[in-house]
Amino acid sequence: MVDATPRMERDIPPAEVPELELYHPKSWWTTYVFSQDAKVIAIQYSGTAVAIGLVALVLSWLMRLQLGFPGTFSFITPEAYYQFITMHGMIMVIYLLTALFLGGFGNYLIPLMVGARDMVFPYVNMLSFWIYLLAVLVLAASFFAPGGPTGAGWTLYPPQAILGGTPGGQSWGIILMLVSLILFIIGFTMGGLNYAVTVIQGRTRGMTLMRMPLTVWGIFTATVMALLAFPALFVACVMMLFDRVLGTSFFMPALVEMGEQLSYGGGSPILFQHLFWFFGHPEVYIVALPAFGIVSDLISTHARKNIFGYRMMVWAIVIIGALSFIVWAHHMYVSGMHPWFGFFFATTTLIIAVPTAIKVYNWVLTLWRGDIHLTVPMLFALAFIVTFVNGGLTGLFLGNVVVDVPLSDTMFVVAHFHMVMGVAPIMVIFGAIYHWYPKITGRMLEDWMGKFHFWVTFVGAYAIFFPMHYVGLVGVPRRYPEMGEAAFMTAPVDNLNAFISVAALVVGFAQMVFLFNLVWSLRFGKEAGPNPWRATSLEWQTPTTPPPHGNWGDERPVVYRWAYDYSVPGAPEDFIPQNDPWPDKPATRAA
Amino acid sequence: MSVILVFLTVVIGFSFWWLFHQKVMEKPWLEHGVHTALPETDVSGMPTAKVALAVFLAVVGSLFALFASAYFMRMDYADWQAPPLPRILWVNTVILILASIALSCAVRAAREHRREMTRLALVTAGLATFVFLAGQVTAWRELAAGGHYLDVNPANGFFYLMTGVHGLHILGGLVALGRTMVKAWDDDVAAEQLRLGVELCAAYWHFLLFVWLGVFVLLAGWAGDLLALCRQILT
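As you go down the protein sequences, you meet chains A and B in turn. The first sequence begins at 21 in my numbering and counts up by one. The second sequence begins at 37 in my numbering and counts up by one.
Derived by calculation from the structure, the hints in this document are not laboratory data. Some clues are possibly wrong.
Claimed, not checked - Straight line, CA to CA, 25 Å or less: simulated SDA-like cross-link-like pairs of lysine to any residue: (1) B/Lys63 x A/Pro375; (2) B/Lys63 x A/Met210; (3) B/Lys59 x A/Lys471; (4) A/Lys546 x A/Arg499; (5) B/Lys63 x A/Leu385; (6) A/Lys471 x A/Val539; (7) B/Lys219 x A/Val476; (8) B/Lys219 x A/Trp475; (9) B/Lys63 x A/Lys546; (10) B/Lys219 x B/Phe243; (11) A/Lys546 x A/Trp475; (12) B/Lys63 x A/Arg554; (13) B/Lys63 x A/Asp594.
Stated by the list, open to error - A few chain A positions that, by computed beta-carbon distances, are all more than 12 Å from chain B: (14) Ser47; (15) Ala76; (16) Leu85; (17) Val258; (18) Met259; (19) Gly287; (20) Arg389; (21) His393; (22) Gly412; (23) Asn420; (24) Val421.
Beta carbons are placed, not taken as given, at the ideal position from N, Cα and C, and that holds for glycine.
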């Protein structure tokens, strides 16, 4: 403790005036539906994301039923299977993970954690949610459109994405998908502006950047990345929409379909891949960085220990964010490229493992000799570390060109990215919900249901994805609805596929327990009190729980310390809230 | 993808410079107390709206840099045939420059609290922008009349697409300009508030002018020569 507040006696200037003019809702409609309160918007975002995510979950069951027991279910035709994988992937990556981390947790946590009353532009924030909802509805509408949703694969590679042979290619499916993505990006940009500018401008007195919880750092960096990366998807979608609807040839080469020469000519499918992955790779970290941030806070709080290497954690987040923009072509090794490019992208890909590894070490070192409480959020946080390391290690294999080329388009890749950006972030989402649910509702989630949910999900996820690596290694390609008479396949693969499918169904049903818990605890959960985890960060110090619109009552909090003062020697308790001036008296306020 | 990478390098470089000035080298576990925060926060004194506009312009810049990247990559294919440049684009460029100048005048007038002058400059800028948009539509019609439809050649496609997206951004700006005009005519609005609105509009217009000049250079086909020159210098 150096330099103990030399100017403590000086009056602290009052909080800025404009927040007193904060819009306050008048009616039921403006309180719960067209609300401008970031916390309500967060819940709206999360609810919508979870609802559409459930659709994607059901789609994954259907896929697993087909893969595990091919031919048993007559309604799962190859076309339907392609539609399932496409919609499952797109929904999970964009409409669930991105929306939930940034729109959900970002909206709820940023203003509370930095001590703001709300986002800086509440109206734009509200608009962001409604455009997101519209995007989700347009996407969902494609299930009911003639021809069904698109079956182009979640990467939507042209030329097949807009040809007649692909489900939805020459009907409504692909159009609705592209329009939905464009809407999503517009909506996200509105929200993203808010998240980024609130962190830059909305922090309360004393909340320097280096006192922010890592959750805010993660969400902030991910938001900035998303703001810069989503335009690439936007450009790709608009140009493909032109190709599909107006007959341009941005991406479409000259083609003969069913013996008929199409009017397209000269276009470049590779151009689409570049644009798509220029968005697609940062997207991985857009999902991962908030997870990194949140898990740091969960571990620190539930191990009652300050985060190890806070500065390194912050720098690692920022450096991962910057590096992730120059690795995109490692998704395109099999598309063919100059060997020097392959070498360059393999190198950058492996370099990104360095800051990531720093983070993993720091989490482990935070746990080291900590007072580990195996609460449900902590269990999920630990599961995240293990899963992320597992998924990250296979990433090191796949980052190398010579290893990637034979493994590309096998189930090994599917297992890799599900581990690293499917299971791992979802673990954090669950942990975060168990952690912050008491703040959102004032009640604890039921513990035994949480533990049941955790163990089934954790063990089940490994039962699904560990064997899948093996299945991929022996050569089972991804995106094949069934293997047919493939001689190279060994019998264990069939058994493993059936096993994976059963595990997937079990894990899926465990999520129903979780959803039931969410609803049940709302009414019957134990009263939580304002700070059940005895955490330091500002969101736990609100005068009322759940916090009302405006968050802070009459006066915004003053921050005296960083967010990780756990188990400080000599302190009266094993945690010191950020707004606690201990060992000094609070500064007096100007009259 | 070089255009977007150059753009991102600038943005990321700026972000790192900004972070560096936010005391990211400090060790928060060794300090406590409000001393680092006084007088209020380390939040910049800049109006929030200006910061937000800067972030938004970075997004818009990223969008157009990506279009430019796609343009360059597609240009290398054999079927590329640029349409003739409509002459009217020169006139449009001059008009958009005029709009930008008018907004600069508006900023100046607003800073000097000259309400009448501000109104005049805002109206001029608005009208000039409308003329610009009409000119862009005329350019489209001219191209279409010459048989250079959207789907004939990718170069045509890019022409309509990029001018269209730029035009949409201008239209969005006009909405903001309209709201600023309402403020300019409302005598209850404080001079400071009006000044902020005018400054934001001016910044947006200058940026879109800059983007337009870039798009114009691309569409006129000079960009290829420029690249060749760069390559020559580099090699």
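To see whether the hints hold, each was checked on the structure:
| no. | hint | verdict |
| --- | --- | --- |
| 1 | B/Lys63 x A/Pro375 | holds (19 Å) |
| 2 | B/Lys63 x A/Met210 | violated (34 Å) |
| 3 | B/Lys59 x A/Lys471 | violated (41 Å) |
| 4 | A/Lys546 x A/Arg499 | violated (46 Å) |
| 5 | B/Lys63 x A/Leu385 | holds (18 Å) |
| 6 | A/Lys471 x A/Val539 | holds (17 Å) |
| 7 | B/Lys219 x A/Val476 | violated (60 Å) |
| 8 | B/Lys219 x A/Trp475 | violated (60 Å) |
| 9 | B/Lys63 x A/Lys546 | violated (39 Å) |
| 10 | B/Lys219 x B/Phe243 | holds (23 Å) |
| 11 | A/Lys546 x A/Trp475 | holds (22 Å) |
| 12 | B/Lys63 x A/Arg554 | holds (24 Å) |
| 13 | B/Lys63 x A/Asp594 | holds (21 Å) |
| 14 | Ser47 | holds (26 Å) |
| 15 | Ala76 | holds (28 Å) |
| 16 | Leu85 | holds (40 Å) |
| 17 | Val258 | violated (7 Å) |
| 18 | Met259 | violated (7 Å) |
| 19 | Gly287 | violated (7 Å) |
| 20 | Arg389 | holds (17 Å) |
| 21 | His393 | holds (22 Å) |
| 22 | Gly412 | holds (24 Å) |
| 23 | Asn420 | holds (22 Å) |
| 24 | Val421 | holds (19 Å) |
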